[in-house]
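Undergrad: Below, each chain spelled out in residue letters.
2 protein chains.
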Amino acid sequence: MADSVWSNYARSSKGVILDMCGVLYDSGEGDGVAIPGSVEAVKKLKASDLKLRFCTNETQASREKFVAKLQRLGFDISVAEVFSPAPAAVAVLRKRGLRPHLLVYDGLLPEFDSVDKSDPNCVVIGDAAKKFSYENLNEAFRVLIGLEKPLLFSLGKGKYYKETDGLKLDVGVYMKALEYACDVEAEVIGKPSAQFFQSVLDDMGLQSHEVVMIGDDLVNDVGGAQQCGMKGVQVRTGKYRPRDESHPTVTADGMVDNLAQAVDMILSQRR
Amino acid sequence: MADSVWSNYARSSKGVILDMCGVLYDSGEGDGVAIPGSVEAVKKLKASDLKLRFCTNETQASREKFVAKLQRLGFDISVAEVFSPAPAAVAVLRKRGLRPHLLVYDGLLPEFDSVDKSDPNCVVIGDAAKKFSYENLNEAFRVLIGLEKPLLFSLGKGKYYKETDGLKLDVGVYMKALEYACDVEAEVIGKPSAQFFQSVLDDMGLQSHEVVMIGDDLVNDVGGAQQCGMKGVQVRTGKYRPRDESHPTVTADGMVDNLAQAVDMILSQRR
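Line by line, the protein sequences give chains A and B.
Okay, so the first sequence: first residue is 1 according to our numbering, each after it adds one.
Okay, so the second sequence: first residue is 1001 according to our numbering, each after it adds one.
A portion of the hints provided could be inaccurate.
[To be verified] DSS-like cross-link-like pairs, simulated, lysine-lysine; straight-line CA separation at most 25 Å:
(1) B:1131 x A:131
(2) A:130 x B:1131
(3) A:130 x B:1130
(4) A:131 x B:1162
(5) B:1014 x B:1046
(6) A:162 x B:1149
(7) A:149 x B:1162
(8) A:131 x B:1046
[Said to hold, decoys possible] Anything over 12 Å on all C-beta distances counts as not near chain B; from chain A, calculated:
(9) 40
(10) 44
(11) 49
(12) 75
(13) 114
(14) 117
(15) 118
(16) 121
(17) 158
(18) 207
[Claimed, not checked] Taking beta-carbon pairs under 10 Å as the criterion, some of the chain A residues facing chain B (in silico):
(19) 9
(20) 61
(21) 63
(22) 130
(23) 146
(24) 159
(25) 166
(26) 179
(27) 181
(28) 182
(29) 185
Note that these hints are calculated values from the structure, not bench results.
Note that CB positions come from ideal geometry on N, CA and C, so glycine has one too.
Given these sequences and hints, build the entire structure.
TA: In structure tokens form, the structure reads like this:
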């Protein structure tokens, strides 16, 4: 690896943020499968002096159920360490007195239990997966176009992700669809929003230049982290594709085969 | 109406192109319903010295079945007078030796009977309506992203249209979704493509400045026609919305309540 910049940098870093799907595990049937070496890599990080947080745009399950799944896959992880868009969205809705029409996966609905959803004055979409039916998308569209000033929130803006049976379209694609239909620009909650990354840094008590983000999504993980002043490292697992290494606008500070290699590299620099 | 420019213009025009859905009829259950006065308006145009063609982005049925529906609604219309995107797409595919993966409404499939669809090297989407399921959109995405150079054709780029039970998302919205997912720009076949309008003018044997286009879609009918040098008139039926009258980039040459009013106005100028 010609990654001397970030390996030098790794020596002085104080914290690591890990993306989850495609870095820790591949989703799919049932709980999905842990990516080889990732369970051990998380253990090594936890045994080190580095601060560790997990940052996901996962919006198919509540954080509780999501973390329980990761634990079943063998990961040492707790709810308090995980940052995901739905709780951030609930905070925004509360602060601005908004009542959402929700187009999200059934498993995410509990996160919004406390939110008034009557007479909606905005639309919130997450990775609704199979709930992104023609009928449901039409329904969300009609709510939006019926508002005097259409207001759309998107929980992430990912293009696609990899499940064990292949690539799947992500929420960003449906965000673009509704943006075009209604001539609006969505407010993105989750990666790569700078506000979202900053909330993780605040929780770690670290400055952005002290933290490395490791993800499989070049634009949303690596690029988003870089725009906040972090270093961004891409793994060649999950949704990684060779063309990422010649992307027109985003260049990772480091490229590694998988999380295990990234962690070994970071920790070996610190000995 | 302060539409003196186009009413003066109407005096010297030699031909009229009519959009269909939202101008002649509203689609919906069964055959939909004729818009009051439109059947008579078409009769009057046919009895005049003006050349008349119909130009639609309708892609839910073959032209034969589509025209049969209009005839049942009372319209004097024949297949040869109707221009729609599917036959234009077939011509493009043939010319360029392309084999499409089709994401179109079942009723449109007969238009592509003669096209080789094995081992696809491009994707063609039409207004697939309920066939725009999560599964089918994923499938089209996987074909596209698997191509060395993703090639996407969209039969129109409309945002939405009105059926008797409400507004429905149109093909353009799904085009934007796939464009974003695969970092490509679709080739649009149908309105507002200049090539498509030109094929209608060629068939009429008229120059663009001799023809008026009447439609309910400000951007695709009116704006598209204007970019070809025609006058564009919008009807306040179909997908018309009051905000169209203060659109930031497209201003219709004339606004009328419906087709009947447009035709009376054009013909009264000619007496």
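Undergrad: With chain B as the partner, please determine if residue 61 of chain A meets the hint condition of a C-beta pair closer than 10 Å.
TA: It is violated, given that the least Cβ distance between residue 61 of chain A and chain B is near 17 Å, above 10 Å.
Undergrad: Would the pair residue 1014 of chain B and residue 1046 of chain B pass a check requiring their Cα atoms to be no farther apart than 25 Å?
TA: 12 Å, holds
Undergrad: Just double-check residue 121 of chain A for me: nearest Cβ-Cβ distance to chain B has to come out over 12 Å.
TA: 18 Å, holds
Undergrad: Against chain B, does residue 44 of chain A hold up as non-interface, every C-beta pair farther apart than 12 Å?
TA: Label holds. Min Cβ-Cβ 34 Å, cutoff 12 Å.
Undergrad: Any CB of chain B closer than 10 Å to the CB of residue 9 of chain A?
TA: Violated. Min distance 29 Å.
Undergrad: At a threshold of 10 Å, is the proposed contact between residue 179 of chain A and chain B supported by beta-carbon distances?
TA: 8 Å, holds
Undergrad: Taken at face value, is the distance from the CA of residue 1130 of chain B to the CA of residue 130 of chain A at most 25 Å?
TA: Within the cut-off at roughly 13 Å; holds.
Undergrad: Are residue 131 of chain A and residue 1162 of chain B close enough, with their CA atoms no more than 25 Å apart?
TA: 23 Å, holds
Undergrad: Given residue 63 of chain A as an interface hint, is its Cβ closer than 10 Å to any Cβ of chain B?
TA: Constraint on residue 63 of chain A not satisfied, violated at 24 Å.
Undergrad: Does the interface hint hold: is residue 166 of chain A within less than 10 Å of chain B, judged Cβ to Cβ?
TA: Check passed: Cβ of residue 166 of chain A comes within 6 Å of chain B, closer than 10 Å.
Undergrad: Run the distance test for residue 130 of chain A versus residue 1131 of chain B: straight-line Cα separation, threshold 25 Å.
TA: Given that 25 Å is the threshold and the Cα spacing comes to 13 Å, the pair holds.
Undergrad: Does the structure keep residue 162 of chain A and residue 1149 of chain B at a Cα separation of 25 Å or less?
TA: Satisfied, since the Cα-Cα distance of roughly 20 Å is no more than 25 Å.
Hint violations for this structure: numbers 8, 17, 19, 20, 21 and 29, all remaining hints satisfied.
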